[in-house]
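Line order of the protein sequences matches chains A and B.
Okay, so the first sequence: first residue is 1 according to the working numbering, each after it adds one.
Okay, so the second sequence: first residue is 1 according to the working numbering, each after it adds one.
Read the hints as simulated data drawn from the structure, not as lab findings.
These numbers come from a predicted model, not from an experiment.
Don't take every hint at face value.
[As the list claims (entries may be wrong)] Derived list of chain B stretches under chain A, where covered just means 3 residues or more per stretch with a C-beta under 8 Å from a C-beta of chain A: (1) 19-30; (2) 45-53; (3) 56-62; (4) 79-86; (5) 95-104; (6) 113-124.
[To be verified] Here are the simulated DSS-like cross-link-like pairs (lysine-lysine), alpha carbons at most 27 Å apart as the crow flies: (7) Lys36(A) - Lys49(B); (8) Lys111(A) - Lys49(B); (9) Lys49(B) - Lys70(A); (10) Lys6(B) - Lys160(A); (11) Lys118(B) - Lys82(A); (12) Lys111(A) - Lys19(B); (13) Lys117(B) - Lys73(A); (14) Lys160(A) - Lys73(A).
Built from N, CA and C at the ideal position, the CB exists for glycine as well.
Okay, here's what each chain looks like letter by letter:
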Amino acid sequence: MKKETRKNKFFGFYFLITVIVIYVILFFLNPDEFNKSLLASWKIFKMVIILIAFVIFLSALINYFLNPMKIAKNLSKEAGFKGWLISAVGGIISHGPPYVWYPLIKNIQDKGMNQSFSAVFLYTRAVKIPLLPMMIVFFGWHFTIIFNLMIIISSIFIWKIMERI
Amino acid sequence: MKKETKRKNFLSTLFRAAKEFALNSPIFIGVILCIGLFNTFISTQTLQKIFTGNVFSDTILGSITGSIIAGNPINSYIIGKQLLSDGISLYAIIAFLICWVTVGIVQLPYEISVMGKKFAFTRNLLSFLFAILIAIIGSTILGVIS
Chain A
1 MKKETRKNKF
11 FGFYFLITVI
21 VIYVILFFLN
31 PDEFNKSLLA
41 SWKIFKMVII
51 LIAFVIFLSA
61 LINYFLNPMK
71 IAKNLSKEAG
81 FKGWLISAVG
91 GIISHGPPYV
101 WYPLIKNIQD
111 KGMNQSFSAV
121 FLYTRAVKIP
131 LLPMMIVFFG
141 WHFTIIFNLM
151 IIISSIFIWK
161 IMERI
Chain B
1 MKKETKRKNF
11 LSTLFRAAKE
21 FALNSPIFIG
31 VILCIGLFNT
41 FISTQTLQKI
51 FTGNVFSDTI
61 LGSITGSIIA
71 GNPINSYIIG
81 KQLLSDGISL
91 YAIIAFLICW
101 VTVGIVQLPY
111 EISVMGKKFA
121 FTRNLLSFLF
131 AILIAIIGST
141 ILGVIS
């Protein structure tokens with residue numbers, strides 16, 4: 001086992017223990033809030049579990065079928081605007097919480113994707129196509145157009161800055 | 001025979017992908033439990049009390065609260081609409097909506113463990129700063145248009 005992986009494993013274990021301790025304290029101090037928090041967590045878990053299975057399956061498909069050379073060509077630092085476009089579109093059309101996508105992004109990154117495109121993918125997730133009608137009703141046309149346009153434009157700056165880091 | 005080998009290879013790839021995910025599952029479960037806590041303790045009423053009416057501090061507060069709270073973006077739109085109706089500035093609302101999706105304080109431990117410390121910190125910091133920048137530019141443009 002790699003040193004870094006082992007370190008992550010222990011960090012994750014301690015993190016989980018800390019959160020469980022907080023829940024135990026909450027159980028004795030305020031059982032109602034404990035129940036509400038646990039129920040809220042359970043609802044989130046039920047929501048993401050199918051997505052996790054999908055992401056694991058997608059990861060396996062990428063590992064099995066996709067040629068690392070091809071990924072490196074389209075999403076490496078040298079890919080330029082094409083790489084930005086692929087990652088921005090990927091971010092916009094992706095669904096679910098961002099943390100579900102981390103393992104898949106890391107997997108593609110290990111195959112040659114530049115980290116700046118990972119950042120673009122995670123950033124452009126703020127553009128939510130299925131929620132556009134709701135945004136228009138709540139905040140208006142002007143707000144919706146400017147809000148989403150600004151996110152797409154600023155993702156270019158995120159790409160360029162992350163590329164230099 | 002060849003088909004059987006291919007199937008076995010794919011299954012072992014699938015198993016490897018699941019194992020990689022399982023390795024990070026303690027943090028993942030911890031993050032979900034944290035989000036449950038935040039959803040219970042930070043209500044729309046609490047958020048309304050946080051904002052003061054000052055454009056500058058409200059923009060920063062919008063970014064901070066959006067970064068801390070995690071959940072379905074639909075909720076951020078509902079809270080944002082409520083805050084707007086209560087007279088909170090557009091600067092704060094835009095910063096709040098962007099940070100809700102792009103910055104994740106609660107899920108930061110998980111992002112660090114999967115993506116690395118440098119990437120996670122830089123990405124979140126950049127997203128936070130750009131949310132403020134977009135809030136300022138976006139609100140100014142919207143002010144001019146209307």
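Here is what the structure says about each hint:
1. 19-30: Coverage by chain A holds for the stretch 19-30 of chain B (10 residues, Cβ < 8 Å).
2. 45-53: violated (count 0)
3. 56-62: violated (count 0)
4. 79-86: Per the Cβ count (3), the hint holds.
5. 95-104: holds (count 5)
6. 113-124: Result for this restraint: holds, n = 7.
7. Lys36(A) - Lys49(B): Holds, at about 22 Å.
8. Lys111(A) - Lys49(B): Distance of about 47 Å is beyond 27 Å: violated.
9. Lys49(B) - Lys70(A): Given pair Lys49(B), Lys70(A) is violated - Cα atoms ~52 Å apart, limit 27 Å.
10. Lys6(B) - Lys160(A): Measuring from Cα to Cα gives roughly 40 Å; hence the hint is violated.
11. Lys118(B) - Lys82(A): With Cα atoms ~25 Å apart, Lys118(B) and Lys82(A) stay inside 27 Å; holds.
12. Lys111(A) - Lys19(B): holds, 18 Å
13. Lys117(B) - Lys73(A): Answer holds: Lys117(B) to Lys73(A) is near 26 Å, not above 27 Å.
14. Lys160(A) - Lys73(A): Holds. Lys160(A) to Lys73(A) sits at ~18 Å (cutoff 27 Å).
The earlier numbered hints that this structure contradicts are 2, 3, 8, 9 and 10.
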